[in-house]
Amino acid sequence: MKIAFQVNGKRTSVDVAPDTPLLWVLRDTLGMTGTKFGCGKALCGACTVHLNGMAVRSCQTQIGSVAGQKVTTIEGLGGNHRVQRAWMALDVPQCGYCQPGQMMSASALLAMNKNPSDQDIDAFMSGNICRCGTYPRIRAAIKAAAKMS
Amino acid sequence: MTNIVKNETRRDFLKVSGTVAGGLALGFYLPSGPRVAQADAGGGYASPNAWVRIGLDNTVTIMVARSEMGQDVYTSMPMLVAEELEVDMNKIKVEFAPPAEVYINALLGGQLTGGSTSVRDAWEKLRKAGASARMMLIAAAADDWGVDTGSCKAMDGVVTGPGGKRATYGSLAAKASQMEVPRDVPLKPASQFKVVGNVRQKRLDTPAKVRGTAQFGIDTRIPGMKYAAVRMPPMIGGKVASYDDSRAKNYPGVQAVVQYSRGIAVVADDYWTAKKAAATLDVRWDGGPNANLDMRGLWQGLEQASAQPGVVFREHGDTDAGMMEASKTITAEYRLPFVSHSPMEPMNTTADVRGDKATIITPTQFQQLIPHVVAGATGLKPEQVEVITTFLGGGFGRRVEVDYAIDAAEISKAAGMPVKMLWSREDDMTHDSYRPAGIYKFTAGLDSNGKLHALRFHSTSPSISSRLFPSVVKDGIDPFAVEGIDNFPYTADGGLRFTYQMHDTGVTVGYWRAVSHNLNAVTLESFIDELATAAGKDPIQYRIDMLDMGSTKHQWSGLSAGVPVGPRMKRALEEVRRKSKWGKKMAKGRGQGVAVMEGYNTVIAMVAEVTVSSAYDVQIDKITAVVDAGTLIHPDQALAQMQSCINYGQSACMWGEITVKNGAVEQDNFDVYRVARINEAPKELDIHFIKSDGVPGGLGEPGTPVVQPAIANAIFAATGKRPRTLPYTPENIRAS
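First to last, the protein sequences are chains A and B.
Take 1 as the starting number for the first sequence in our numbering and just add one per residue.
Take 150 as the starting number for the second sequence in our numbering and just add one per residue.
Worth flagging that the hints you see were computed from the coordinates, not collected in a lab.
Within a straight-line C-alpha distance of at most 16 Å, the following computed EDC-like cross-link-like pairs (lysine to aspartate or glutamate) qualify:
(1) Lys337(B) - Glu273(B)
(2) Lys832(B) - Asp118(A)
(3) Lys41(A) - Glu575(B)
(4) Lys425(B) - Glu575(B)
(5) Lys686(B) - Asp596(B)
(6) Lys832(B) - Asp122(A)
So the derived label-pair ranges between C-beta atoms look like this:
(7) Gly79(A) - Lys240(B): 19 to 25 Å
(8) Asp393(B) - Asn80(A): 49 to 55 Å
(9) Lys114(A) - Lys832(B): 19 to 25 Å
(10) Lys143(A) - Ala481(B): 40 to 46 Å
(11) Met112(A) - Ala249(B): 47 to 53 Å
(12) Gln690(B) - Asn80(A): 49 to 55 Å
(13) Lys343(B) - Met112(A): 42 to 48 Å
(14) Met112(A) - Ala764(B): 30 to 36 Å
(15) Gln62(A) - Gln457(B): 52 to 58 Å
(16) Arg396(B) - Gly31(A): 25 to 31 Å
(17) Lys143(A) - Ala357(B): 20 to 26 Å
(18) Gly869(B) - Gly31(A): 57 to 63 Å
(19) Asp393(B) - Met112(A): 46 to 52 Å
Think of the CB as a built atom: it goes at the ideal place given N, C-alpha and C, for glycine as much as any other residue.
Can you build the whole structure from these sequences, using the hints too?
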């Protein structure tokens, strides 16, 4: 069954089972590997993407429910997004594996909260696990990004 | 050392892998290897040595022969080469090196990444590689120009000579690679460093990691590749008894269902199809020797083993007599659980096994071993196996194991197609090699002033090296079971007697960030705090007063300092006392705790500040750390590694616990295996590095153990409860 949707501003359609998670459509069907697999149960946030601007866990988002909607991935953040600039300025990543998900969550947070407090950051970002312990830099980078235009 | 692994069969991996690590913990250096100068067959570049490639277009590529798993070898190691090669760090390219003898880590005896050794092993070697290449480039230019090498200079990729002569590295590279390799390679004094110690240096892998283009193992795509999902026995050491794949085989998109040594794989057009089809397999498992294993029996086994005398690994004086002389005797028993590595990228490997060649693309810490074990598993020769190392989505010691590369190779061979085998999180967490559980018993005799007079220590735990590197295990002692206390830093004039009792529980154990420092130093530094309390002394001053200023390297301290560390510890403790405002007035339910350790030639003193609720929920308010890691190559990333170690240690000591029931690991995902999240990270990290021009110490691991007893001791200061069973959950604190 063909399912049509937008990825990073481009219309695309895939022919996969409608219960296939968006994560695997992005990674395997479309070859966009920036979005990562971490737990498969929406526990770690590595697979976070935007669906119509909202952060969602793509491992728990069935492609059938994405038909006709807009998906943004780390590749679509553009490379020059203020979150990415802040991440680079502070050298946030270590192994880097969780960081696409971290940045997709952070950019969604900043889109709805111009100046998040520590509590706001805790509440919004606690769904994204980092095993390397980049949390202090993630927090600092979100605050730095909030100050960028 | 030259013939790394002779035997090629999978079964014999266990036996022969010891030879890989013949140098492990012995600290020997290889003689300078054979000359590797070469030119690219296509004429695109030339290599004065194995670490430097200079393109005719002036591109300088520096080879990194260690695995990048977050710890920054992708930048810190090229910095060492660039310092002497005189090239701009922002213009170089970096590539991961293939397995080759020249890239062996002399501190470990193999091309593997671990033991916080990458920079320590590279410190002279890579600067010499850079300097040697620079000297050859200058020699080539001087020869072209008919001038003395002394009149030429190299800077920013260009050699300049008298009369405004100028030649780029690219134009000189081919000739330079044919020049004689200099024997005497002087290095810059620290005062002239421009690259080493640069506080503004950025990580070279950050842009790709921020754009999502960095290639981890899981991101591998090769032509014709299919996706494999697996079913492995849930029981440790279990096997497939029988299976019915009639549904899976007929699942749309499935290419093959194959049995391999460890389990059954479904190979399909995409991972989700493979995974769904694998779920339809009806498998009967043979539980194997551990089918009835549970925690009760497992701890009973450890307790019984702990009643054995064990083997002495450090002793001086007559400890029994020392105990008789003591005015007070304190005993304590600590228990540590199994914990998992759980890096964010689950285990995976892409394998393309053909009749006469195998390509293995994998996130590994041990690329050198893979050709040998894959050859053993596929019937190929090691030289027919190409290994490509990707970025690693975390390692922490898990990827020293090569099990998942063997599995992928077997699956590719059986399916007759290139496959990317990917484990689910559940596969990963239940098929880890866990940090060993164990029992740690202390008896201390204090003199009339409360000072430690005599100490007995008896640890009981599984040996990791007995499986992975049996040749380093001697007379019942695994050097990687006694770290963190073999270098005991205090004095006990009445005698010391430290013993180790090996005990296999049936659970597979593996090297886990900082390995046995997490066992011995965590319990030791908690126990020293108990002694300070018993003596009525301030925990920091108590430690300082007892430091052994003349301590020397003990025979088992393979990756430790090897020189007296008493003075370094004293300084770190004094500084952490000041920086942490030690002894400040704190509200009820709050407390400070200290710990100090030397590991990997790095000395760390930490003070934890915690708030403990009446229900014994612990919040970590602040960690103050003072670190003496010698010369810092990449200071900002030295800091990152301390931040990282603290996080990893916190997760382990606050929540980490793997349990087994009916032979199977019970925790399978992050809902039931808790790790630190951003809201649980310490509210404040205050990390200081002692300025030093000493040789670099390791940084990837040593902070991990230190934070744990610092937290335990802070919990005691806050509550009067001394948790001796980890993790420090409300239940374990309450029960203490």
